[in-house]
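Novice: Take a look at the letters that make up each chain.
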Amino acid sequence: MIKYTLRRILLMIPVIIGITFLVHFILMISPGDPAQMIVGPEATLEDIEMKRHELGLDQPQVVQYLKYMWNALHGDFGTSWFQSFNVMTEFSHRLPYTLRLGFLAIIWAVALGIPLGVISAVRHNTIVDYALTVLSLILVSAPAFWIGMMYQVFFSLNLRWLPASGASTWRHYILPALSLGGGVFATNCRTTRTWLLDTLRSDFVRTARAKGNKEVTVVFKHALRNSLLPIITQIGVNFSIIMGGSVITETVYAFPGIGSYLINAVKAKDVPIVMASILVVAVIVGITNLVVDLMYAVVDPRVQLGGK
Amino acid sequence: MKKLLALVLVAIMALSLTVSASAAAVDKKTVVIATAQEPTVFFCQDQNYSSNQAKDSPVLFQIYECLLWMDEQGVCQPWLATGYEMSEDGLEYVFTLRDDVYFHNGEKMTAQDVAFTYKLCMEKNLTLTRNLLINLADVEVLDDTHVKFILSEPFAGFPAETSARVGFIINEKYYNEVGSEGYNNAPVGTGPYTFVSRVTGQEITLKAFDNYWGGKAAIETVIIRPISNIATQFISLRTGDLDVINSADVASCQQLTARDPVTWISVPSAMRVHITFNMRPGLNSPLEDENLRKAIVSAINKDDIIEGVLKGEGAPLDMSCMPAYTGAPEAGTYTPSLEYNVEKAKEYLAASNYDGRELRIICQAGTNYDKAAQIIQGQLLAVGIKAAVVATDSGTFTASSTAGDFEMGINGTSSSLFDWSSCNTEYRIQAVYGPAYPGEYAQILDDLCAQANVATDPAERKAITAQIITIVNENAFNAPLYNSTSTSAFNNELEGITLNPNNAWRVYNWSWK
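Quick mapping for you: the protein sequence lines, in order, are chains A and W. FYI, in the numbering used here the residues of the first sequence are 1 to 308. FYI, in the numbering used here the residues of the second sequence are 1001 to 1513.
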């Protein structure tokens, strides 16, 4: 397993290089000159050229990319072109917010989604199953910003239970985590139901029942464990979705994570921030997928990592 | 199952009691303000500071002060300076300073600090100096309370320059200790509030300055939070999590009801919105056709645009300059832009060489200009002109504008100086893309603008600007649309809130009832 893990970590390097190069390339060819935007509307050509030189924008794109990556390798993610903040310092402040929010969203979505998926499967074609199906469909198909605003109207404005914006106390995390995890909850619920229904019709489940096992044992010990592989895969994919979804959720709730930071940077074409955000998200998603793959072996002993 | 349900209900009820209502009782010593964009730069003399960073104003105008203050009518009033005298040739201004002003670090403000502030900007930020310290050549200290500004050429708008962000007075001693970065991280000014902390993305905290020359502020703590989502801003205001929304959305303000514990005010801003026609030489633009331009201007119903964009709160403009700007021509002294008249528009169109092609209107996506462009698209279609709205991000918009890759562009132009000089960007030959008007008009307008800049006699200056506007309107070189607004929504227990055209309000004047 160690060998497999090391190989996967090494494989992440070309993936990250590919992603960052692509993002850098897109940023460079997209319209708009950051130098002109920084110096303002009244600047002369000389002012713009001076700023371009200062930012290194007058160099070939490959040189700019290599310089950025070399500095990033040494822990220097540069300084925001528009805000004069050190990107690394800013990230060390913002990233914990996004990670906390992401984990909270995943935790509630998994903790509720899988058990409710099991209930839906066990009681399929009943009122409970139909209700959960409708709820899942709403959560998975409604836009995240709309769901977020509905929560704000209901829980903040009407009930006055929870704050509508900010991140200074644990209460500020509840609504964003509910919004962010909504789609993941629905996917988990539906995935669990589908795979569990399929497993429950298997011969070995029929055998387990014939042996006189209790229904709870049959469902949770025999059927669910055999349905977990696709569900775990789904959780890994969900984490990537959560990281992407945080951009919208953080904006709606004025949450100070990297999602809201990234969206403003993309609008302003603030290359150091965009590059650092993509780099960090790529690493997090890569590590998450690795952990998910390693969990296969834990959940299903038939899975042997390392190619045997 | 029933037991489980009962347990869940009890848990929810218990939670509702523990978390209590978020509409906390109003803290009479604190005010929480929301801004759509996060203020990030707190040092204006820095080389990276540009004139279009108005987002920083909510913080800057509490910490720093200028020699003069621009009031609600756009008129400069004495502030850190008790007054000034201009020499007969208009090349020298001597400002008399207050003698009771202290910086937040305890240092007394002197003429040396004032001179240092301006000289630092002139040394470090050439772009800002050229555009906001127009013609300023040198600053001399006469004594502790007198400072002389020397101009290379007269500039009638100079007093207004000392009321803008670039003129925030800094402490020389502190700057020498901490440098630009240190000053930006922990700014020290003479204003009624001292900087306490900044948690990026979350909030900026300011505290009332005990030694403020005007007396300590009634509100002790100011918290400024960046909240970009309009719905979130208004929900937080209605629940009491926020006290004030800076630059509030007018449509959302109008939806507030008498039951909401909030109110709102709106005043004309320094922002004028207009359509630029692309007539740059060599681009072979269809807008070089005077009749087509006149058809477009005549087809535009400004009242409908104001209703659609600002819910009726703005004011139509008949020239691309704010009437309240210093140096703007008086009504009746210039030819106004063509009035809305569909029949005349059709006549102009028939006389033009318009070939039925689609004209691109560029604007920034998601802004009020985007909404205006869509309304104009419909109005133009009503007279037979096809238009396509090309709404893009600000980078693409700037790139298209610079490259001349458009037929019409909608944008707003503001003026920190509230002075005619801001119109220079429209009417002068621009360094970045050259002349913007056909034939000899580019040079004529450029020369007239140069004359308006150096005219020190107000009447003479207004006569020149009237001439410029007349040329522009008679040839339909642009389509002035409307004067935008500065709007603020706030808790109705707050009093003393006023706005000025540049959205430079002061918490110092506020108090809780």
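FYI, nobody ran anything at the bench for these hints, they're computed from the structure. In this text the structure is predicted, and so the values were computed from the model without any measurement. Mixed in with the good hints, there may be bad ones.
[Said to hold, decoys possible] Derived pair list, reagent style SDA-like, types lysine to any residue, alpha-carbon separation capped at 25 Å:
| # | chain 1 | residue 1 | chain 2 | residue 2 |
| --- | --- | --- | --- | --- |
| 1 | W | K1055 | A | W108 |
| 2 | W | K1371 | A | A35 |
| 3 | W | K1386 | W | S1414 |
| 4 | A | K267 | W | S1400 |
| 5 | W | K1216 | W | K1386 |
[What the hints assert, rightly or not] Restraint-style ranges between C-beta atoms, simulated for each label pair:
| # | chain 1 | residue 1 | chain 2 | residue 2 | range |
| --- | --- | --- | --- | --- | --- |
| 6 | W | N1284 | A | M28 | 27 to 35 Å |
| 7 | W | P1281 | A | I287 | 37 to 45 Å |
| 8 | W | T1456 | A | K67 | 45 to 53 Å |
[Claimed, not checked] Derived list of chain A stretches under chain W, where covered just means 3 residues or more per stretch with a C-beta under 8 Å from a C-beta of chain W:
| # | segment |
| --- | --- |
| 9 | 83 to 95 |
| 10 | 151 to 165 |
| 11 | 176 to 190 |
| 12 | 218 to 230 |
| 13 | 243 to 254 |
We treat Cβ as the ideally placed atom computed from N, Cα and C, and that holds for glycine.
Novice: Taking the hints in turn, state whether each one holds.
Specialist: Hints, verified against the model:
Annotation: proposed proximity of K1055(W) to W108(A) is violated, straight-line Cα distance about 37 Å (limit 25 Å). This hinted pair does not check out: K1371(W) and A35(A) have alpha carbons roughly 28 Å apart, beyond 25 Å. Simply put, K1386(W) and S1414(W) have alpha-carbon atoms about 30 Å apart, too far for the 25 Å limit, and the pair is violated. Using a Cα cut-off of 25 Å, the hinted pair K267(A) and S1400(W) holds, with the two alpha carbons roughly 16 Å apart.
About 59 Å separates the Cα atoms of K1216(W) and K1386(W), which puts this hinted pair outside 25 Å; it is violated. At about 30 Å, the beta-carbon gap between N1284(W) and M28(A) stays in the expected band of 27 to 35 Å. One distance hint, 37 to 45 Å for the beta-carbon pair P1281(W) and I287(A), is violated here, with the actual separation near 57 Å. Hint check: T1456(W) to K67(A), Cβ distance near 51 Å, so the stated range 45 to 53 Å holds.
Counting residues of the segment 83 to 95 of chain A whose beta carbon lies closer than 8 Å to any beta carbon of chain W gives 6, which reaches the threshold of three, so the coverage claim holds. Chain W is given as covering the segment 151 to 165 of chain A, and this holds because 11 residues of the stretch bring a CB closer than 8 Å to a CB of that chain, at least three being needed. Proximity of the segment 176 to 190 of chain A to chain W, defined as three or more residues with a beta carbon under 8 Å from a beta carbon of that chain, is not established by the 0 residues found. Residues of the segment 218 to 230 of chain A with a Cβ under 8 Å from some Cβ of chain W number 0, which does not satisfy the need for three, so the listed coverage is violated.
Closer than 8 Å: that is the beta-carbon criterion, and the segment 243 to 254 of chain A has 4 residues meeting it against chain W, so the requirement of 3 holds.
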